[in-house]
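J.: Protein sequences appear in the order of chains X and W.
Mapping to this note's numbering: the first sequence position 135 is 135, numbers consecutive.
Mapping to this note's numbering: the second sequence position 465 is 465, numbers consecutive.
These are calculated hints, taken from the structure and not from any lab test.
Check the hints yourself; a few may be wrong.
For identical chains, the list gives no copy identity; a pair is met inside one copy or between any two copies.
What the hints assert, rightly or not - Simulated pairs of lysine-lysine, DSSO-like, Cα-Cα distance not exceeding 30 Å:
| hint | residue 1 | residue 2 |
| --- | --- | --- |
| 1 | 57 | 2 |
| 2 | 452 | 525 |
| 3 | 624 | 310 |
| 4 | 624 | 152 |
| 5 | 227 | 525 |
| 6 | 413 | 310 |
| 7 | 413 | 166 |
| 8 | 107 | 354 |
| 9 | 166 | 354 |
| 10 | 83 | 2 |
| 11 | 464 | 185 |
2 protein chains.
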Amino acid sequence: MKPTEGRRRVVIEEVQPQIEAGRYPAKRVLGDTVEISAAIFSDGHDHVAARLHYHHKSQKKASVVPFTAVNNDVWSAKFTVDKLGTWLFTVEAWVDHFDTWVHDLGKRLAAQPDPKEPTQQVGPQDIPLALRIGANHVDAAAARALGADATKLKLFARELRSLAEKNLPYYEAPKLAELIDLMAKYPDLSFSTMYPVELPIWVDRERARFSSWYELFPRSASETPGKHGTLKDVEARLPEIAAMGFDIVYMPPIHPIGLAYRKGPNNSTTAGPEDEGSPWAIGASDGGHTAIHKKLGTMADFDSLVAAAKGHGMELALDIAFQCSPDHPWVKEHPEWFLHRPDGTIQYAENPPKKYQDIYPLNFESADWRGLWTALYGVFKFWTDRGVQVFRVDNPHTKALPFWEWCIAEVHKSVPEAIFLAEAFTRPHVMYSLAKGGFTQSYTYFTWRNTKTDLEEYCEEITKPPVSDFFRPNFWPNTPDILHEQLQTGGKAMFQQRVILAATLSANYGIYGPSYELLDGAPAKPSPGKTASEEYLDSEKYQIRDWDRTSPDSIAPLITLLNAIRRENPAMQRNESLHFHPNGNAEMLVYSKTTPDFANTILVIVNLDARNEQITMTNLDLEKLGLTADEAFEVEDLLTGARYAWRGSSNYVALRPEVTAHVLRVMR
Amino acid sequence: MKPTEGRRRVVIEEVQPQIEAGRYPAKRVLGDTVEISAAIFSDGHDHVAARLHYHHKSQKKASVVPFTAVNNDVWSAKFTVDKLGTWLFTVEAWVDHFDTWVHDLGKRLAAQPDPKEPTQQVGPQDIPLALRIGANHVDAAAARALGADATKLKLFARELRSLAEKNLPYYEAPKLAELIDLMAKYPDLSFSTMYPVELPIWVDRERARFSSWYELFPRSASETPGKHGTLKDVEARLPEIAAMGFDIVYMPPIHPIGLAYRKGPNNSTTAGPEDEGSPWAIGASDGGHTAIHKKLGTMADFDSLVAAAKGHGMELALDIAFQCSPDHPWVKEHPEWFLHRPDGTIQYAENPPKKYQDIYPLNFESADWRGLWTALYGVFKFWTDRGVQVFRVDNPHTKALPFWEWCIAEVHKSVPEAIFLAEAFTRPHVMYSLAKGGFTQSYTYFTWRNTKTDLEEYCEEITKPPVSDFFRPNFWPNTPDILHEQLQTGGKAMFQQRVILAATLSANYGIYGPSYELLDGAPAKPSPGKTASEEYLDSEKYQIRDWDRTSPDSIAPLITLLNAIRRENPAMQRNESLHFHPNGNAEMLVYSKTTPDFANTILVIVNLDARNEQITMTNLDLEKLGLTADEAFEVEDLLTGARYAWRGSSNYVALRPEVTAHVLRVMR
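The whole structure should be built from the sequences, with the hints applied where relevant.
T.: So this is what it looks like as structure tokens:
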């Protein structure tokens, strides 16, 4: 069967950004200039033209902006996103007969029989005829134009015709600049091709792209040793955290903790009456996911904490863990949301033969999945209504993926500012699928990427398209669940190295403190010769810890400096410019980030060997630093203030473990 | 808005092969085993299962075949295409609770308190409870099953329950193999996910993948010097062409040639009364694209030629050039199919300031595009009705791309055997778009890929997915329009080298003869110091040529040998196994092709330097040859019959220009 209109000769392909044929949106941030690229071409030698149609989902009328040719039939157009939420775009392209005519006229004029050097390529009637063809194009545009433009176009057409009638032996090139601009306003779209899909872009606020997270357990926030901390204690800590330069304060779950099968210190299966239990065993007689653990304080304390964080230029992030202790009110109110075993009991979490009897997973195959989804959405709604807009989601990969896609979209309808960090420590496809489905940021494999090759390959994968179009990494050197073997054995140098890597490789990063800055590296079970446990000894997950923040070993000053560097240098606030520079030493990692105009360019050199001094000669890709070959330049180490006079690609660097890294600003 | 069914927990992504989200079909050949891959995963730790639905477009009912896991959530399924035409497939996947249960039961059994080494991981009721859960899964499957299977399943369920009731202190692993097989027949598809698109595959006959083309001008086919050849003369030549091993005989257009603006010898703008004109200036008073030039013979001669070719195991290919001489009947009958200039004349072909006044292009923006499309389709219909199933299409990139997609599909409806070779000497996106739109094979940039790096990079691009899924290269060392500078200056060694490369790199190849085998390298305009013209001197496009096929310099014997090697070695008949092996000499190209089982493995080594001997030590990727490290093996040179005893990766090779290449069969 023939198409409805067979004269649409232009083909549009490879439109980017595009995720799963438009099934999911590409992610951008408020104020971003979005670049759309596409392969646009037609048969033959006719020129093509194209324009981008784009609009915020709330606006019916699309704006248009022309595409410009890049090379090899690839075209590019740009627009700025100035509103949060979903934007839609598509591409329209057509054969531009007028542009072809302009181009061919130039060739005809150039090939005229020159009185001095006659040739016979162009006959006497060729140019007059071409001028008349051009006049026809202009008249057709005049019929599409309005008011003054139409009048002007008619005048241009008349001029071309009268020029044609002169039948000159030799034609000077007519001045066409104004005509060309005017013609571009009234293209002939009769046979234009429209890309068949409107592709979505999701626009977040800036903190989605650039954020510094500080995680702490409120239970340990008291200044009195051994005393259970409160939200008020956390509020008292805010000035110190703000002074360190963090912008998100994240607390593990703050809800009532179940008593049934409560875990004791160091994850022991029996808890004494004084034991606090795990904050992730959510729910007790006094409430579930929308209640506050009594020992932490009241809802009024919480509201006060939210406001205080805001006062310090920070935000509070809550931990949303969709699972229930056996004492959670939902267990009695909605037994249909849980899986039941043949003996009538509710299925607890397990990874046979391991049992987690203090946790009931929710059953996403429940006959009442609709009610369950609504209730889970209600948890986010409850907290966004109280002013929380940042959520760290616990184990999202153990909840149904279609649920997240729906739930996040639902929250975003009323709160487009909401940020969701996925604790997606799972397989790559699942991790990426959560990001595609709506999670704003994600935990990553950074913690287990420790060698130069592994760091380079992994960062390349996640900071470049296609992955970077939907996935925003958030680098954590530690979490309450993950004390990497390197930190158990690498000492202060390793703690310094890993936080420098996290804070400078990724625009989003976080630490679990005060554990981190106080160099807490004691594992629950040191297993020499085997793979060490990544659990902390005396983990705050099961007990209160006292932290001596006055310790002279604290690396809080380094972290404070890193956060200041991140704030002051726009290059640090995005990932797309990340570039790894080669060098001959397998322990020396060299990378740079820059703003597009190279006004702010940061070069980081890290000694990955926490035990020995390493030296290398750099082999800088100068164009990635905005420098030319053999150019002399100065670099300032933002960690020490030292300045070095460098020249060209090859420069000498030595780093002792206790210094660990240079964070160099390229001066010019 | 919630989805209709929120319990479809499995995600299906990255389904391959897939071209432009299913807009175009992937290409395969009759008898191929088609491998479909997909990323298939769900949340949590539940196991998933998946099946492929596939069917020929003419069949309503789909067949199903299970997917098997490959790694990292990527799954694979295979089916064989045993019918020409369009096939459709899609993927269905679901959470397989029974499979999860089997896996978990194994872990529970393994963790039982061993009387000899007691642990407390598994409690006394854990295994009986697990057995009862399993019995429930089996009962549910029994309800889905029919007849004997249902009975068997009920029996299995009963057995599991009675085992559970025994409450043994220690359970042996029950034998589940038969149950597992039976359960796989009756999966629970209540919450299965269906991939939302049916993806197409186009299945051609084998010659689409493996063909050897011989192009000749019938005008020069007479054995009498100077006499205009005929179709009868071509018929007389068939035994010789068949003996050389070709399977497609391709003739430039055989239609009446226009008189208006007829070109003389060597493309001169004026023709004498005896000049034959260009066969591509199609159409005269005695007919157009469905008529035969009187000097060539009659339709009966044509029918005889088609039959004779078939008798020799060959096929005739016609050249379809959709353009008209000013004398073509369509110019008078359908002036609306051409573009008219303001002076009333029809627009001839031009690339300003160059004019091709003997050619009128068809206007694909004609108001009567429907009539034009129908007429052009009619040309194919006319010739397929006369038994022609192979078409070389001239300059397809100067006709509207949507036309080709419609026209080829239309021809394939009644003649799925039809093969279309695109003379798509144009930009990469347009070349690939023609292939996506339906062309079976395509000319390539091979002619201009002359260095080792260029040949390697280009062949990698076109023989691997995604390109190889829609694009089938046909390598031509020369055409009547393209006499590459290398052939003008490289002498016999270069002619030998280029045909060896074409015939062994690509499963589809062709030559323009007898020009090629007789080493015709004289260009129309030798331009020392400048880029040489690629036009032949005294080109057959404009005149009759006499070819002395008895010349002792003829490389027909080499070509005959190459075609025999291609027929006898299945490795040569496909491209997907092509692999380039490194070696230190920039003039020595080393590559292999093999059958999947390595039963037939060919290693080719070509000296690209037509003037000097080159030597190298190979650095073979042994696993690509089915060999193990340090294995001794013998290779037989299929060009000379010589045998060499080789061992491992590194072997000595020397090639003089007059020998040019080894085509080695790996013996074992």
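J.: A separate judgement is required for each hint: does it hold in the structure or not?
T.: Verification of the supplied hints:
| no. | hint | result |
| --- | --- | --- |
| 1 | 57 / 2 | between (34 Å within a copy, 19 Å between copies) |
| 2 | 452 / 525 | within (28 Å within a copy, 57 Å between copies) |
| 3 | 624 / 310 | neither (38 Å within a copy, 62 Å between copies) |
| 4 | 624 / 152 | neither (48 Å within a copy, 69 Å between copies) |
| 5 | 227 / 525 | within (26 Å within a copy, 96 Å between copies) |
| 6 | 413 / 310 | within (23 Å within a copy, 68 Å between copies) |
| 7 | 413 / 166 | neither (66 Å within a copy, 56 Å between copies) |
| 8 | 107 / 354 | between (79 Å within a copy, 10 Å between copies) |
| 9 | 166 / 354 | between (95 Å within a copy, 24 Å between copies) |
| 10 | 83 / 2 | between (42 Å within a copy, 25 Å between copies) |
| 11 | 464 / 185 | neither (36 Å within a copy, 43 Å between copies) |
Comparing the model with each numbered hint stated earlier shows that hints 3, 4, 7, 11 do not hold.
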